Amino acid sequence: MNKEMIDVLKQEEKHRKQHPYWVWESIQSIPEMLAQCWNEDVRQDIESVIQECKNREIERLVFLGRGSSYFAALSAKPFIQKITHLPVACYVSNVFEAYPYDKCDEKTAVFFNSHSGKSEGDLRIVELVKSLGAYTVGVTDIADSSLAEAVDQLLIGPGGSKVELPATRTYATAIYRTLLFALAFGKALGVAQDVDEYETALKDLPEKMRKFVPAFEEQAPEIVSILKDCKSLIVVGSGPNFGNAEEAGMAFNQSSGIPTISYEMENYIHGPIQALNDQTGVILIATPSPLQGRMFSLASAAKTIGAKVVLITSVDSRDIPETDGLVSLPAGIPDLFSPVASMIPLWQIGYHFGLLGNGSHPDRLSMDKEEFKAAFTHLMKSDKWVSMR
Numbered sequence: 001m002n003k004e005m006i007d008v009l010k011q012e013e014k015h016r017k018q019h020p021y022w023v024w025e026s027i028q029s030i031p032e033m034l035a036q037c038w039n040e041d042v043r044q045d046i047e048s049v050i051q052e053c054k055n056r057e058i059e060r061l062v063f064l065g066r067g068s069s070y071f072a073a074l075s076a077k078p079f080i081q082k083i084t085h086l087p088v089a090c091y092v093s094n095v096f097e098a099y100p101y102d103k104c105d106e107k108t109a110v111f112f113n114s115h116s117g118k119s120e121g122d123l124r125i126v127e128l129v130k131s132l133g134a135y136t137v138g139v140t141d142i143a144d145s146s147l148a149e150a151v152d153q154l155l156i157g158p159g160g161s162k163v164e165l166p167a168t169r170t171y172a173t174a175i176y177r178t179l180l181f182a183l184a185f186g187k188a189l190g191v192a193q194d195v196d197e198y199e200t201a202l203k204d205l206p207e208k209m210r211k212f213v214p215a216f217e218e219q220a221p222e223i224v225s226i227l228k229d230c231k232s233l234i235v236v237g238s239g240p241n242f243g244n245a246e247e248a249g250m251a252f253n254q255s256s257g258i259p260t261i262s263y264e265m266e267n268y269i270h271g272p273i274q275a276l277n278d279q280t281g282v283i284l285i286a287t288p289s290p291l292q293g294r295m296f297s298l299a300s301a302a303k304t305i306g307a308k309v310v311l312i313t314s315v316d317s318r319d320i321p322e323t324d325g326l327v328s329l330p331a332g333i334p335d336l337f338s339p340v341a342s343m344i345p346l347w348q349i350g351y352h353f354g355l356l357g358n359g360s361h362p363d364r365l366s367m368d369k370e371e372f373k374a375a376f377t378h379l380m381k382s383d384k385w386v387s388m389r
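In full-length UniProt numbering, the protein residues as written are 1 to 389.
Don't take each hint at face value.
Stated by the list, open to error - 30 Å max Cα-Cα, derived BS3-like pairs, lysine-lysine:
#: 1; residue 1: K14; residue 2: K373
#: 2; residue 1: K118; residue 2: K14
#: 3; residue 1: K228; residue 2: K17
#: 4; residue 1: K303; residue 2: K118
#: 5; residue 1: K17; residue 2: K118
#: 6; residue 1: K369; residue 2: K118
#: 7; residue 1: K14; residue 2: K211
#: 8; residue 1: K203; residue 2: K82
#: 9; residue 1: K373; residue 2: K231
#: 10; residue 1: K228; residue 2: K303
#: 11; residue 1: K17; residue 2: K369
What the hints assert, rightly or not - Ranges of calculated distance between the beta carbons of each label pair, as one might list FRET restraints:
#: 12; residue 1: F376; residue 2: D204; range: 37 to 47 Å
#: 13; residue 1: E47; residue 2: R210; range: 24 to 34 Å
#: 14; residue 1: E149; residue 2: T377; range: 41 to 51 Å
#: 15; residue 1: V92; residue 2: S131; range: 41 to 51 Å
#: 16; residue 1: V195; residue 2: D316; range: 48 to 58 Å
#: 17; residue 1: G357; residue 2: A275; range: 37 to 47 Å
For the record, the hints were derived by calculation from the structure and aren't laboratory data.
All figures in this text were calculated on a predicted structure; none of them were measured in a lab.
Quick reminder that beta carbons are idealized off the backbone N, C-alpha and C, glycines included.
All chains should be modelled from the sequences, with the hints used to inform the complete structure.
This is the structure in structure tokens:
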């Protein structure tokens with residue numbers, strides 16, 4: 001077989017046409033990728049960033065990203081603030097460029113979340129914040145990317161580049177190693193409390209999800225069957241899981257072919273719920289937290305109106321309301337770490353929605369359609385959405 005034929009076969013393998021798609025393999029790999037975040041090279045990256053933050057006497061942290069990368073930052077923010085006692089701000093990258101944080105200076109560390117490491121405009125923003133004196137850190141999985149070459153330091157994730165367009169393992173590991181960084185930084189600053197308990201919980205999380213993921217594969221199609229005839233879907237989260245509601249809303253829009261909107265819980269209660277009807281599916285992220293009771297009350301309200309209600313909670317939750325579908329995550333996952341776990345079943349549900357064929361391609365989304373190729377020439381560089389590297 002000549003080289004040309006081999007290259008054709010490799011390209012065909014990248015464009016899978018049936019299960020298992022590449023995104024499924026990435027979802028299945030998440031527990032192992034989380035475990036690899038404890039490897040020495042990742043730990044050394046974290047220690048290097050912490051040492052430089054201490055040398056510069058960093059007083060504030062800023063996280064930038066787009067799409068999934070931004071949602072990952074939102075998910076990690078509550079724990080970072082709690083454990084470091086430092087102010088944390090999250091921005092969509094180009095919004096930050098247009099309206100810069102007025103306190104971005106030599107006492108600021110700016111973290112660039114990017115799954116691809118080549119989002120258009122990031123290099124310009126790196127230069128902007130460096131000109132203001134800020135310390136720059138890249139949170140990416142691509143060590144040889146343009147972003148990696150531009151920033152002062154990296155928090156490189158395991159797994160390397162992905163074939164598929166959706167971000168699953170890269171999202172989960174970006175949150176996880178940011179949590180690892182925050183815990184170590186809070187400890188180094190001498191302000192962190194309950195360090196041993198948090199460290200144990202983080203260490204236990206990969207193994208808990210290693211057991212959960214294959215078990216939930218059998219339940220995911222059942223959840224899809226509950227929601228598949230709905231005319232619209234709503235995903236609701238709050239606190240550290242608001243970012244996951246946004247991520248799940250995007251994923252379901254892509255995979256299900258059903259219009260999906262995401263909301264913060266209290267904002268949804270104070271207005272949009274007035275449009276709820278019995279043709280709508282409501283997915284609520286209700287892991288143990290100070291706001292779990294309020295989320296349970298929303299589940300009961302939605303069920304009373306006649307919506308199909310799916311609840312993401314945990315096996316150690318109590319007083320769970322009546323629902324149409326129940327997803328029970330492992331027990332003992334702290335509220336502030338729950339985004340790493342709660343997003344995984346949502347991706348699994350989204351993937352099985354995709355197998356119905358009513359949404360976009362599980363790996364390629366709509367980017368092999370000529371009209372989308374033409375449309376995206378107006379929006380971003382072609383290598384951001386065409387390249388399979």
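Evaluated hints:
| no. | hint | result |
| --- | --- | --- |
| 1 | K14 x K373 | holds, 18 Å |
| 2 | K118 x K14 | holds, 20 Å |
| 3 | K228 x K17 | holds, 22 Å |
| 4 | K303 x K118 | violated, 44 Å |
| 5 | K17 x K118 | holds, 27 Å |
| 6 | K369 x K118 | holds, 23 Å |
| 7 | K14 x K211 | holds, 28 Å |
| 8 | K203 x K82 | holds, 19 Å |
| 9 | K373 x K231 | holds, 28 Å |
| 10 | K228 x K303 | holds, 17 Å |
| 11 | K17 x K369 | holds, 15 Å |
| 12 | F376 x D204: 37 to 47 Å | holds, 41 Å |
| 13 | E47 x R210: 24 to 34 Å | holds, 26 Å |
| 14 | E149 x T377: 41 to 51 Å | violated, 26 Å |
| 15 | V92 x S131: 41 to 51 Å | violated, 20 Å |
| 16 | V195 x D316: 48 to 58 Å | violated, 23 Å |
| 17 | G357 x A275: 37 to 47 Å | violated, 28 Å |
The structure is inconsistent with the numbered hints 4, 14, 15, 16 and 17, although it conforms to all the rest.
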